[in-house]
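Engineer: When we follow this note's numbering, the leftmost residue of the sequence shown carries the number 1, and every step to the right adds one.
Hints are computed from structural coordinates only; laboratory data are not their basis. Take these hints with a grain of salt, some might be off.
Per label pair, the in silico range of CB-to-CB distance [unchecked claim]: (1) 83 / 28: 17 to 25 Å; (2) 2 / 33: 32 to 40 Å; (3) 106 / 81: 28 to 36 Å; (4) 102 / 29: 32 to 40 Å; (5) 28 / 3: 37 to 45 Å; (6) 37 / 69: 17 to 25 Å.
Owing to the predicted nature of the structure, the values given are computational and were not obtained by experimental measurement. Quick reminder that beta carbons are idealized off the backbone N, C-alpha and C, glycines included.
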Amino acid sequence: MANEVLAFFLELAALACLGWWGFATPDGTVARLLLGVGTPAAAIVLWALFAAPRARFSLPLAGVLLVKAVVLGGGALAVLGLGHPLAALTFAVVLVANTGLAEFSRHRPGPAAPDGAEDSDRTKNPDYRTDVRD
Numbered sequence: 001m002a003n004e005v006l007a008f009f010l011e012l013a014a015l016a017c018l019g020w021w022g023f024a025t026p027d028g029t030v031a032r033l034l035l036g037v038g039t040p041a042a043a044i045v046l047w048a049l050f051a052a053p054r055a056r057f058s059l060p061l062a063g064v065l066l067v068k069a070v071v072l073g074g075g076a077l078a079v080l081g082l083g084h085p086l087a088a089l090t091f092a093v094v095l096v097a098n099t100g101l102a103e104f105s106r107h108r109p110g111p112a113a114p115d116g117a118e119d120s121d122r123t124k125n126p127d128y129r130t131d132v133r134d
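Start from the sequences and build out the full structure, keeping to the hints where you can.
Structural biologist: As structure tokens, this is what we get:
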């Protein structure tokens, strides 16, 4: 649970870093506004479509991790682009550790089902018993 809360705040931090980078560009007010708002907005749309728990499109694990790498890694690269290499490296290391731990815990195999029982029966109903027949 704590790792999921941390993941959420890291996702928000990545979006904030993308916005910070966009607003810090020296290319003029219009470019700053477009990049400062557009870059995080594009990241939000990408995340919502492919990486969110209730994503519109279901991707295999490798695809989800690629989207996460683009969005979260983009946040770390934005910090690097702003001239803060140590902060960017620290952010990247925490992102990788958090994402790795989250994916490991989500995809770790659960306990085996009793003989003759299907996993889907056991997971749908925690009170499922194989020794009771109707």
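Engineer: If you check each hint against the structure, which ones fail?
Structural biologist: When the structure is compared with the hints, none of them turns out to be violated.
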